[in-house]
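Chains as they are written, first to last, in numbering that gives the first Met the number 0: chain A, 0 to 500; chain B, 0 to 500.
For the record, the hints were derived by calculation from the structure and aren't laboratory data.
Note that the coordinates shown come from a computational prediction; the quantities given were computed from them, not determined experimentally.
No residue lacks a Cβ here, since even glycine has one placed at the ideal position from N, Cα and C.
Incomplete in silico selection of chain B near chain A, CB under 10 Å:
hint	residue
1	129
2	167
3	332
4	485
5	486
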Amino acid sequence: MRALLLVTTLLAAPASGQISAEIPPPTQSAQGDLAVTIYNNNLALVQDRRELALPAGRSRQEFPDVSAQIRSETVTLTGQGIGIVEQNFDFDLLSPQALMEKAVGETITLVRTNPATGAETRERARVLAANGGVVLQIGERIEVLRDDGLPVRVIFDRVPENLRARPTLSVTVESDRAGRRPLTLTYLTPSMSWQADYVALFDEAANRMDVQGWITLTNNTGTSFRNASTMLVAGSVGQDQPERYPIYRRNQPPPQIRQAGTQSSARERIGDFYLYPLPERTTIANQQTKQVSFLDVRTTPTTRGYEYRNAWLHSADRPESANSVLRFSSAREHGLGDALPAGTVRVYQRDARGNPQFVGESPIPHTPMGSQIALTTGAAFDVKVQPTLVRRERITVDQWRASDRFRIIHRDGTQTSGERERLVSTEFWQARMRYRLTNARPQLVTVDLFQAGLDQSSWSDTRIVEESQPSEHLSADQVVWHVTVPANGSVDLEAVFQTPY
Amino acid sequence: MRSARATAAALAWLAAVPAAAQNVITSAGPETAAVTVYRDPDRETGRMLNLGWLGGYALISETRTVALPAGESMVRFEGVASGAFAETAIVTGFPEGIVERNRDADLLSAATLLDRSLARRVRLRRTSPATGEVREQEAVIRSGAGGAVVLQTAEGFEALRCTGLPETLVYDGVPAGLTARPTLSVRLRSSAPATARITLSYLAAGFDWQANYVGTLSPDGRRLDLFAWLTLASMDDTSFPDASTQAVAGQPHRERPEWQPPRPAELRLRCWGQGRGEELYDGEAIVVTGTRIHGPNLAALQAQAPAAMEAQQEDLGDLKLYRIPEPVTVASHSQKQVALLHREGVRVRQVYRADIDRDRIGEDPAPARRMLLTRNRSAEGLGLPLPAGRVVMFGAGAARPVMLGAGAIADHAVGEDVEVQFGDAIGVMTSLRRISTKEGRGTYELVVSNDHSRRIEFEAMLHFGDIRTRARLAPRGDARLWRVTVPANGRAVLRFGGAEN
Chain A
0 MRALLLVTTL
10 LAAPASGQIS
20 AEIPPPTQSA
30 QGDLAVTIYN
40 NNLALVQDRR
50 ELALPAGRSR
60 QEFPDVSAQI
70 RSETVTLTGQ
80 GIGIVEQNFD
90 FDLLSPQALM
100 EKAVGETITL
110 VRTNPATGAE
120 TRERARVLAA
130 NGGVVLQIGE
140 RIEVLRDDGL
150 PVRVIFDRVP
160 ENLRARPTLS
170 VTVESDRAGR
180 RPLTLTYLTP
190 SMSWQADYVA
200 LFDEAANRMD
210 VQGWITLTNN
220 TGTSFRNAST
230 MLVAGSVGQD
240 QPERYPIYRR
250 NQPPPQIRQA
260 GTQSSARERI
270 GDFYLYPLPE
280 RTTIANQQTK
290 QVSFLDVRTT
300 PTTRGYEYRN
310 AWLHSADRPE
320 SANSVLRFSS
330 AREHGLGDAL
340 PAGTVRVYQR
350 DARGNPQFVG
360 ESPIPHTPMG
370 SQIALTTGAA
380 FDVKVQPTLV
390 RRERITVDQW
400 RASDRFRIIH
410 RDGTQTSGER
420 ERLVSTEFWQ
430 ARMRYRLTNA
440 RPQLVTVDLF
450 QAGLDQSSWS
460 DTRIVEESQP
470 SEHLSADQVV
480 WHVTVPANGS
490 VDLEAVFQTP
500 Y
Chain B
0 MRSARATAAA
10 LAWLAAVPAA
20 AQNVITSAGP
30 ETAAVTVYRD
40 PDRETGRMLN
50 LGWLGGYALI
60 SETRTVALPA
70 GESMVRFEGV
80 ASGAFAETAI
90 VTGFPEGIVE
100 RNRDADLLSA
110 ATLLDRSLAR
120 RVRLRRTSPA
130 TGEVREQEAV
140 IRSGAGGAVV
150 LQTAEGFEAL
160 RCTGLPETLV
170 YDGVPAGLTA
180 RPTLSVRLRS
190 SAPATARITL
200 SYLAAGFDWQ
210 ANYVGTLSPD
220 GRRLDLFAWL
230 TLASMDDTSF
240 PDASTQAVAG
250 QPHRERPEWQ
260 PPRPAELRLR
270 CWGQGRGEEL
280 YDGEAIVVTG
290 TRIHGPNLAA
300 LQAQAPAAME
310 AQQEDLGDLK
320 LYRIPEPVTV
330 ASHSQKQVAL
340 LHREGVRVRQ
350 VYRADIDRDR
360 IGEDPAPARR
370 MLLTRNRSAE
380 GLGLPLPAGR
390 VVMFGAGAAR
400 PVMLGAGAIA
410 DHAVGEDVEV
420 QFGDAIGVMT
430 SLRRISTKEG
440 RGTYELVVSN
450 DHSRRIEFEA
460 MLHFGDIRTR
470 ARLAPRGDAR
480 LWRVTVPANG
490 RAVLRFGGAE
500 N
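The following block holds chain B by itself, in its conformation from the complex:
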């Protein structure tokens, strides 16, 4: 045993597999990596990336070079993403194939070290607090279960950490099968020494991306300069420098994987009497990463400098893939932005809209919502896939930037209508009054007021059944849409009869 350890390579004491006959080869990290980021399928449209907990995932493809001796070897891959799903790993490029693939997550910690040393000989080291004298004696661990340790020494049986003396156990070696971090490995056989250039691909949790659109509205409110960032983020512990990087839009189906960050066993020793457990080491420092989650979350700002690099879009089956043209670093715990698209002079329409239902009866006059409407086709100056993301709009021409609104869009294919909902318009108010009711039907009066010195386009979504009115209404889902132009500094009134839905 001893001689075997002495000859082991510097890193080999971490070996996951005890078989001494086997060669253990450690591949410390990838030479090149490609990272393709998929969005969190459960993140609501327009919700900002939560940098502290990213629910999307990434496909990571690494190339590594491994020198294989003849015979059976175990190749351990270090430096993989900490969020790797081992069951998704694909390893190609070994000349003679592999025998088995493993993921070892039995982590080396104070608790596992103690647990696996049961019935083994260790050394007990005590330091006299008075003299500073250090004394070591041999001991055998007789019980290591349930947070208390009983040791057998030359003098009899003792309990660890119940003496009041500073004392600790010193071990001769690390029990086999424990690793510092969850590790992927393959077992294979090679008939002759060879150098293999292999590809390791796997899915990893803890990534996400979205688009951040930045619109600049012309002074007449009819044209929009639209720029977008591709914003991707990683909360993985591993950095991928100079990685070929892509992002995928669309909805590939993926079962919600059960992934938890590896959590090592805690060691808490309990003694008799005191009723207080002594903690060996509490990994107290919780790293709080710099993220802000709450509040309005808005995308990047106006008047973009020309992008020196823009992502390129290509079709990938039913998905859309955005490729960052140059290798970039996907750093651990970081967010990255590169240009996604830029379109000038997009034709847009601004309308005010309100949802009108029975809950509004007798309530305060409420502001209407501001909407920006367009259609995703080349006639309007668009006509390209628009991945979901947040939208921020600025007004052009002012001495200083003024943000006009923040909203979000879902994925939009070419040809679809695009509606972005911004905040409330404080000068356009609606109020609803029920004038009378008879036999389950009401007569209602909707008043829209406009404090602008220009006329505005207003739309009301009426959520009532069997609406009767002189005005022309258009069906819109379950509701009826009333469109009206409200005169400058004026009001518009709709009287209608309807049943309550």
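This is chain A alone, in the form it adopts within the complex:
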């Protein structure tokens, strides 16, 4: 026996008689001319231009059919000849509990129904307390409401002033004259957002890719926005940035943007934001997902690459897949020629029958035009790398010194060479790594093999004293070998590292 309190409320009249906005029938909306601007961090700016009849002097205006999630403190009302006195957001809600609590000290009507005979008896009762059980005074008796579980209806004479059906926004305005006029209501609401979805069709034989960009917008505000002029804004307005906690995984996908671009897109821009207006008015229904195309680029140059990142002194039990990477540019020349709003790129390739099949996806952040992009679409089935630490041994100070030599070429062409004076450690180590790269594809591939962790500590001074092909120094931490692996073949790459400690 739960939910014992049966409440019949007499809602003959709204609690506050001065409500001036009329209640529309369910199919009709009180919304006026709508302009909705949607940001892609779960936020939308709604501008709603409504015709309202205002009396001269002060009046309180309520606004139905605003977003059910309206951020009340962001409301602004503007119009000719009005001044704002105050804005109120009342959320003391009408519920059985609130009704009973506000009735303490008041008299209510009880209708008891006899469980066997069905006979009804009416009594007036005064509510003494409503703290964990409603204590009633009925004549000279004190009872607890429905203590015995028998049916009792409680009828309240009225609804207290301040209780509302739902949170209510009202603006008190001072008007210089009476009459109808347009008023502009502006507010922010969460639960509307958008992101970009990219469909990329990669033609591996031609090294080309077709890219379509779709804007996907969602409305979970609980409210539909009818016939709204809609604009999407790429960029972050602030305060809702997720913390940047990098997660370290072995062979983790490297950054998608390899180099940030500096070109300005031809799109409309305000401040730091790119604007994507929808071409015509549309209705954004509640719980609706809507997609609109914004980008369609054919045959942008794209290359397939393979990347493998090895952690410091990591040996693998079995060959590990290299990452399959698509490299392209967002530049004006030989690229997509646009700034890319954050979203997901889904990559498709045609199968033997010519049907596009999904081959992987990758998120991208907001990407300026002119950026170099490398999308990790997945792990390659046929291209693998097996790193092995062949040997790690202590070396003598002399062996360390042997690799310590440096040479300075002066402007006049003379040279000085020598050794560093001070030793950072008394203990030195040498590690030989072997990387076996295998390719089961019928074409030759090039694998970018990264060895990371060269500066475990900033004192480490790691050196490569021997390598089977020259490496490229990327940073203090990383080197890369661009290794060409023949079709259906394998390559062994060896390198010897010397480190203190």
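Guided by the hints, dock chain B onto chain A, whose structure is given.
Quick look at chain B alone, frame taken from chain A:
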């Protein structure tokens, strides 16, 4: 006993004090009230008011008129804020002073009614489910402890609610000392009948306020029209109509009071055998008030209608007091906004800023933050105390409002530098590379890219020790600040050596 009750005034059965000789006078509510709202000292700067749980407090001063008979009386104050801290109450205006002051929070509920009726005579009412016949018999409560009740009837000893019949206890009266709600009262003596006009002041929990700034940036980005709302909110159950209302900025010290909403004792009776407690009444309806807590929280919007009423600021010791010039209603569970200040043509500067430390090495190119800088003095068009709050900025001149950013500021005195941090700039990216390390020092390369077709001002906060570089750096806290102008569609590069902090 019986005759005493019969003569009691309509409300007097709620009397907290049994002494029959005493007059009990109930003051039902205030005639006028003044509400001064203090902020939650523990709310982070810029965090939106949580309308469901407000951590600030208010000083409430009420005036009431009480007619006193000669002799000793008990004056009960009803209609005070439900969050009142009784220990802070100050009562002035009684001609002969008061004897004692009480707060009674022993609440009347089904559980306390039963508990206080131990060893007293009650009536046991049973309803036959077959015939509907109602039978009442006398009983004495012999045990009321621990969720089970043993009754003594003419037939022997029985356990309540273990019969399978609908049964309940009917009491003759409310035990003394139980109140419907926590109540403040004073006991006093008067030598002659008198009418006293008294003031009751107390602090109450469940209020808060903040400023909501709305800036409109000129198209050249150098001038800001600044408007602010005073946003105050109450989660109290009591409304204060037409109250003189103030808000206080600054940091008055207050020990964190231990305040819990009064929670009545629950009554759960347990019987033998079934192992299932029967609940008399579960106050099931939990009122969820209409608040939204998560996500970006932003303040009111652009192009303000002229305010018909603006709060006035005055100094209050080391605090700033904002007075709403006309009486307004501080309603229960509501939020209210009135104009706080308005300044036009404030001189501002926009810069991009990034924090650079070792965690950024090798990470994705990351967007810089957008900052708005000014100084709070009259030369810049400000020069007035700025209470803490949220800031939203819009761009002027566009066909539709576009929000450029949302941020927050702390309290700012006149003369202080004001920095507002907005969101990320998606076209201004930074990346950091460590080129080499030697003996605990690294050589780093910081690259800033700009996709705007105009030059931008950029600042990097370098969090490294012992920085050496050719560029000029300014100290800023523990960090060093690098200022640079990044050319339109270009890059700026800083090479520096530094120790890792």
